[in-house]
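> Protein chains in written order, with numbering that gives the first Met the number 0: chain A, 0 to 433; chain B, 0 to 433.
A portion of the hints provided could be inaccurate.
Put simply, identical chains are the same to the list, so a pair is met inside one copy or across any two.
[What the hints assert, rightly or not] Here are the simulated DSSO-like pairs of lysine-lysine, each with C-alpha atoms no more than 27 Å apart in a straight line: (1) K159 <-> K281; (2) K281 <-> K397; (3) K368 <-> K57; (4) K288 <-> K159.
Just so you know, the hints here were simulated from the structure itself, not pulled from any lab data. All values reported here derive from a predicted model rather than from experimental measurement.
2 protein chains.
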Amino acid sequence: MDFEEFRTRGKEMVDYITDYLKSIEQRPVYPAVQPGYLRSLIPENAPQQPDSFEDLMKDVERVIMPGVTHWQSPHFHAYFAAANSFPALLGDMLSGAIGCIGFSWVASPACTELETVMLDWLGKMLNLPDEFLAGTSSGGGGVIQSHSSVERAGLIAGIKMRKLPTDEKFSLRGETLKQALEEDKALGLIPFYLCATLGTTPSCAFDNIMELGPICNSENIWMHIDAAYAGSAFICPEFRPLLNGVEFSDSFNFNPHKWLLVNFDCSAMWVKKRSELIGAFKMDPLYLKHQHQDSGLITDYRHWQIPLGRRFRSLKMWFVFRLYGVKGLQEYIRKQVDLAHEFESLVRQDDQFEIVNDVVLGLVCFRLKGSNDLNEKLIQRINEMRKIHIVPCQLRDKFVLRFAICARTVESKHIQYAWQNIKEIAIDLQVGCQ
Amino acid sequence: MDFEEFRTRGKEMVDYITDYLKSIEQRPVYPAVQPGYLRSLIPENAPQQPDSFEDLMKDVERVIMPGVTHWQSPHFHAYFAAANSFPALLGDMLSGAIGCIGFSWVASPACTELETVMLDWLGKMLNLPDEFLAGTSSGGGGVIQSHSSVERAGLIAGIKMRKLPTDEKFSLRGETLKQALEEDKALGLIPFYLCATLGTTPSCAFDNIMELGPICNSENIWMHIDAAYAGSAFICPEFRPLLNGVEFSDSFNFNPHKWLLVNFDCSAMWVKKRSELIGAFKMDPLYLKHQHQDSGLITDYRHWQIPLGRRFRSLKMWFVFRLYGVKGLQEYIRKQVDLAHEFESLVRQDDQFEIVNDVVLGLVCFRLKGSNDLNEKLIQRINEMRKIHIVPCQLRDKFVLRFAICARTVESKHIQYAWQNIKEIAIDLQVGCQ
Chain A
0 MDFEEFRTRG KEMVDYITDY LKSIEQRPVY PAVQPGYLRS LIPENAPQQP
50 DSFEDLMKDV ERVIMPGVTH WQSPHFHAYF AAANSFPALL GDMLSGAIGC
100 IGFSWVASPA CTELETVMLD WLGKMLNLPD EFLAGTSSGG GGVIQSHSSV
150 ERAGLIAGIK MRKLPTDEKF SLRGETLKQA LEEDKALGLI PFYLCATLGT
200 TPSCAFDNIM ELGPICNSEN IWMHIDAAYA GSAFICPEFR PLLNGVEFSD
250 SFNFNPHKWL LVNFDCSAMW VKKRSELIGA FKMDPLYLKH QHQDSGLITD
300 YRHWQIPLGR RFRSLKMWFV FRLYGVKGLQ EYIRKQVDLA HEFESLVRQD
350 DQFEIVNDVV LGLVCFRLKG SNDLNEKLIQ RINEMRKIHI VPCQLRDKFV
400 LRFAICARTV ESKHIQYAWQ NIKEIAIDLQ VGCQ
Chain B
0 MDFEEFRTRG KEMVDYITDY LKSIEQRPVY PAVQPGYLRS LIPENAPQQP
50 DSFEDLMKDV ERVIMPGVTH WQSPHFHAYF AAANSFPALL GDMLSGAIGC
100 IGFSWVASPA CTELETVMLD WLGKMLNLPD EFLAGTSSGG GGVIQSHSSV
150 ERAGLIAGIK MRKLPTDEKF SLRGETLKQA LEEDKALGLI PFYLCATLGT
200 TPSCAFDNIM ELGPICNSEN IWMHIDAAYA GSAFICPEFR PLLNGVEFSD
250 SFNFNPHKWL LVNFDCSAMW VKKRSELIGA FKMDPLYLKH QHQDSGLITD
300 YRHWQIPLGR RFRSLKMWFV FRLYGVKGLQ EYIRKQVDLA HEFESLVRQD
350 DQFEIVNDVV LGLVCFRLKG SNDLNEKLIQ RINEMRKIHI VPCQLRDKFV
400 LRFAICARTV ESKHIQYAWQ NIKEIAIDLQ VGCQ
């Protein structure tokens, strides 16, 4: 494919993408395929000679689309949102074309420096304490990471990890931490790390970091705060109090790729003392050395992370922040929270159902009053119908349905549609059970 | 930005990208910026109100481009290539638009299944033993990983890692391994893992896996083969013998994002026994459970890797394999190897210089006959001139210059240009030293 053919095909792809997203509601949100469906639809081997672009795009519809769970559909309410916006897509196109690898400052200074400044912009949008910003003399700063689960990190590091019980709001409290520390120390263990969560995955609960923080500080325990989903909301002043206590933490992260319209992957992490992070992973072969590296003036992000290579991911952040503006992003968050409350109030109006969490942001946890079995049947039928897609969670001994506001294009009509759908299935199910 | 504005802006971006890549030679390959250059060029905070797309694109030229090291320039000969091709860019655009997260099979079946089949296609292109393929009953299979360095992996896992000496061709031999195993066992250590390299980063050297493999097998040591750069060449029958011995290994990886025209990131890894990999990282919260997960029919790739989320990266592989065809990819590799030999022969014709490695694929290691200091000065001036960009390496006690064939668009004229440039600087340098 030469330059001019790319010019043509690239524009055809822009049309395809625009039309896909514009008409996505008409596709079943959840695919009907069975395991192994794809292998039978394509040849056993790569072609020896090139195929045509037309044939390839026909196969996108024939082979790929029937097996796609459409995360960008306004009928998708599972997990949490996977951010997607036009500015981010444009930024990512440019990133792909530049095709630089940003493992060190010299490998592409713009890639490193835009990331540092975008993490400062974002940190200021969240009103993070100055110590977390790179553009100060405090020794802190931010970085884009690949996200993982803290339990997996514990497995890999070979660390004893302990899950602590939460209160009736699923919030970890200071007294519980204190007691656990005493127990552990009595056993001769050395507690050194706490991962507190703001906006848990099952129910969007918030640990009490105002209580936990001072304890961690006095016990010399590294406190990390994971606000993977909820963090995006903290750009709104009315939600920022949820982050109070971050000043006690050593590190903080959230995923703009969930709820801040920056496409996956973009997991933003800040530390107060970057020297402690960098020292842990440092590798310096000669082919990566450069004149500025020991100057203290530059950042070599490969020391901040496990992988070596890095895409130019801050471009999509820059595109999103500039083309939405802070006010545009705030409006977006507020609208989605309002939609969650709209769903919550529909559920509350129905005596058959109960709400199980405090609806603070965009997640509603609900269930049919009744057995876990009944609720398992309900979610199974909802997903079999393929009109909407949701996933369950377990809260204490209850099997619960999670309804998350996900796609950028969700409107009130989609909330009403989803509730209608759930209610009809619930009625059928209860009639069937009688 | 609404659908129709994206349709317009997306096409403008396609034009920008096409023009950028078409005229990339006219930009200095290596930027002249100083550390911290970018912060002074943009505001301290994200804008409150949206900026215009026109202003943003002006800033791409004003703020970003002056700080970009142009990895896709045919004057870029540093590190190894960062793959970039039009089919991969098109596949990635589609991946961004679909915006699904493929952590489990149900999260988007097409995302998981295309990856499995593409890794089989690629494995067959390399003529990997059947045990590595998923479409057999052997229990093997492939996955796209984020790549890291084995030394860093050792640091994280808290493992004692030992670097073994190589022979005069920088190749690890069986006798050396045997001796090291005996020494370690005598110390009460338990050797359990060997990482052999095909195509090392400094000099593209090849460990002798035909000797190492049987030793690892008889000693019950997991042998991993890392062919990060060289692996792409094994799709050509004439280079496939370099992979002989892979049948002894437990796992194998290479990076199509280096030399197989699939944009970063795409690090392909295969294992013979996927059950051993999956068991190490398994996490199963209820919100990720699904009906098929224990059926043995599906793959949940989140168990194969450290991060939780996954982009739909196999789309770009599919686009590249289909739009180039295996023959097109083989031609590409062969042409780049020929260009490396062209550079090698230019160096060999000049008595002032010496070649330091066996030029097998696309990397030429060379130096001025003379001191390390002289060669350090040479590379410094080359990079200061910004006409071409290369990086050094250390081979035993010698400071060596690495000349890698990188961009997809490199032609003979660029090789001649680079050599002319290097020679002129060397002459100046030697005159200056006299």
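> Each hint needs a verdict: does it hold in this structure or not?
Verification of the supplied hints:
no. : hint          : in the structure
1   : K159 <-> K281 : both (25 Å within a copy, 16 Å between copies)
2   : K281 <-> K397 : between (45 Å within a copy, 24 Å between copies)
3   : K368 <-> K57  : neither (47 Å within a copy, 58 Å between copies)
4   : K288 <-> K159 : between (36 Å within a copy, 25 Å between copies)
Hint 3 alone, counting from the list given before, is not met by this structure.
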